[in-house]
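Visitor: Sequence:
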Amino acid sequence: MQEPELARFLRDALSVAGADAPSTEAAVRALVGASLRGVDSHGVRLLPHYVKVLQGGRVKGRPQLRFEKRAAAVGNLDAGNALGHLAGYRAMEEAMILAEDAGIGAVAVSNSSHFGAAGAYSLAAAEAGYLGLCVCNSDSAVLAHSGRDVFHGTNPISFAAPVAGQRPYLIDMATSSIPFNRVLQFKAIGKTLPPEVTVDNQGRMTQDPAAANALLPLGGSTYGYKGAALAGMVDVMSAMLSGMRLSHEIPNMITSDWSEPRRMGQFFLALKPETFLPGEIYAERMAAYLKALRGESAQSGETVMAAGDREWAVERERSAIGIPLDAHNWQAFGELAQSLRVTPLTPVSI
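Using UniProt numbering, read the sequence shown as starting at 1 and increasing by one per residue.
Incorrect hints may appear among the rest.
What the hints assert, rightly or not - Computed spacing ranges between beta-carbons, pair by pair: (1) Ala-283 with Ile-254: 41 to 49 Å; (2) Ala-188 with Leu-277: 43 to 51 Å; (3) Lys-191 with Ala-283: 37 to 45 Å; (4) Met-205 with Gly-295: 36 to 44 Å; (5) Glu-280 with Thr-346: 46 to 54 Å; (6) Lys-226 with Met-205: 16 to 24 Å.
Don't read these hints as lab results, they were simulated from the structure. C-beta: ideal position from N, C-alpha, C; glycine also.
All chains should be built: construct the whole structure from the sequences, respecting the hints.
Guide: What follows is the structure in structure tokens.
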């Protein structure tokens, strides 16, 4: 499906569901961008969920966002229960404004909601010439290391840095073995999960997405203390600095009342490279690092890549041939078009 047609459908659906123009455009930008980069678990497939939270009242389609500068390089954004995409882009914009003067800008976000792929917001900073970092906690879905019950959320971390003449260096990762939306995606398309990423309701390892009850931290059963520690760091930065709920206090994304705001916190950081060293030196060192990394000898049949290389390769391909939609997507979008009375997606000729 070509990007413009897919964006049109998302825009129509979100608008009818009650989102105002800024909320709609932010969500479309984040969701289509994620799908273009191959982050399908957090891309356009999430549209039905955002329609539900808008219609249910969990998220306000016409929110009032309020930003307060707390110190020279620190601010807080009260998102007013907005779509997380709108909150995310606005928070990073405010962080960059702070960084323009102070060299660094940090913004904690309160009263936010699910914002899709974290990479959307660090990427926005890098595309504007800043180093960008963002983190967000989420409802419990990951076992505590050596624990039997879920405690942390998937608690993603994203970092991006500008690269002269190239697409940014981009990290976008969960602190769990995989994101839970990947489990839901694999369940929808009948695909088997990798080993040692999920357990069933008896605590046994399973590769069946339909039986998956909880995720393991990044590092699996042996080294999961690393992912668990990173998840805790995200909880501290997202929840404690914003006064919002910790992972184990956030209502479940899917099973909780669609009218109940989840009071999620997020954290955004922007750094202006030129305040640390001359811009030309930063550009030279970044280029040298990436050249050296990509020039490393690879294992047989493999390629040594920098963070983001896979995403940019997928983006080039999908920008040319379109974003793939599986049968589950087509069915969900068809039902959405009918219920919202919007023009459905144009079927793709094969």
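Visitor: Look at each hint and say if it fits the structure.
Guide: Hint check results:
1. Ala-283 with Ile-254: 41 to 49 Å: For Ala-283 and Ile-254 the Cβ distance comes to about 44 Å; the hint holds.
2. Ala-188 with Leu-277: 43 to 51 Å: About 47 Å separates the Cβ atoms of Ala-188 and Leu-277, which means 43 to 51 Å holds.
3. Lys-191 with Ala-283: 37 to 45 Å: 41 Å, holds
4. Met-205 with Gly-295: 36 to 44 Å: At roughly 38 Å between Cβ atoms, Gly-295 and Met-205 fall inside 36 to 44 Å, so the hint holds.
5. Glu-280 with Thr-346: 46 to 54 Å: Once the Cβ atoms are compared, 48 Å apart, the range 46 to 54 Å for Thr-346 and Glu-280 holds.
6. Lys-226 with Met-205: 16 to 24 Å: 19 Å, holds
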